[in-house]
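S.K.: Input sequences plus hints: build the corresponding full structure.
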Amino acid sequence: KAGVTQTPRYLIKTRGQQVTLSCSPISGHRSVSWYQQTPGQGLQFLFEYFSETQRNKGNFPGRFSGRQFSNSRSEMNVSTLELGDSALYLCASRMGLAGGNEQFFGPGTRLTVL
Amino acid sequence: QKEVEQNSGPLSVPEGAIASLNCTYSDQGSQSFFWYRQYSGKSPELIMFIYSNGDKEDGRFTAQLNKASQYVSLLIRDSQPSDSATYLCAVISGNTPLVFGKGTRLSVIA
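Protein chains in written order, with my numbering: chain A, 1 to 114; chain B, 1001 to 1110.
Since the hints were derived computationally from the structure, they do not count as laboratory data. Honestly, I wouldn't trust all of these hints.
[Stated by the list, open to error] When the alpha-carbon atoms are kept at most 20 Å apart in a straight line, the in silico SDA-like pairs for lysine to any residue are as follows:
{"no.": "1", "chain 1": "B", "residue 1": "K1067", "chain 2": "B", "residue 2": "Y1051"}
{"no.": "2", "chain 1": "B", "residue 1": "K1067", "chain 2": "B", "residue 2": "S1026"}
{"no.": "3", "chain 1": "B", "residue 1": "K1102", "chain 2": "A", "residue 2": "G84"}
{"no.": "4", "chain 1": "A", "residue 1": "K57", "chain 2": "B", "residue 2": "N1095"}
M.R.: Shown next as structure tokens:
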């Protein structure tokens, strides 16, 4: 079974631009979550989508948004990029929203903002 | 603010020894606990998960839960140099799928 895939793997943008990241979950998984990982803050939860609806949201500004399509694929958008948005963005999928469902991570997209 | 705390390390153990990694969590209602391993430059890989009803052993790995002390541990027996990585403890807390600690860096010395 194929794992979680993310595109692109690497991205370089300049301040003020916007960026869209894509995530395809494991087949049969309907929940997709997004995380930001930085050396200082560690892994922080951005949001989770299930059945095309945002179910949970972390403490990030409105510049960070996402969506999920009917095939469970998800995209994340960051507008008006800031230097502090440089990070590894990780997508994780799980079967459903029940507490016991394990999350599996994709390889990540490394975003550098200049 | 729900939190998960881990000692950042590095924790250095000789090859063949037992590595003991720990984390504490603040949400008393948490019932699902996960350990991820992350090699440098890679994404986190799930290695163990336990629920509030007990400990779990899988090969060289044992995860233990102490609900009274809000404390989770991961034991790695017969540690190998390939176990050198950062180990992330994560807890399902409220509506957040996973709340992560900042990780403990483990170094296994050959």
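S.K.: None of the hints should be skipped; say for each whether it holds.
M.R.: Hints, one by one, checked against the model:
1. Straight-line distance between C-alpha atoms of K1067(B) and Y1051(B) comes to about 10 Å, which keeps the hinted pair within the 20 Å bound.
2. Among the hinted pairs, K1067(B) with S1026(B) is consistent with the structure: their alpha-carbon atoms are about 11 Å apart, no more than 20 Å.
3. Restraint check for K1102(B) and G84(A): the C-alpha separation of about 18 Å stays at or below 20 Å, so the hint holds.
4. Proposed proximity of K57(A) and N1095(B) is supported: the alpha carbons are some 8 Å apart, at most 20 Å.
Hint check: no violations occur; every hint is consistent with the structure.
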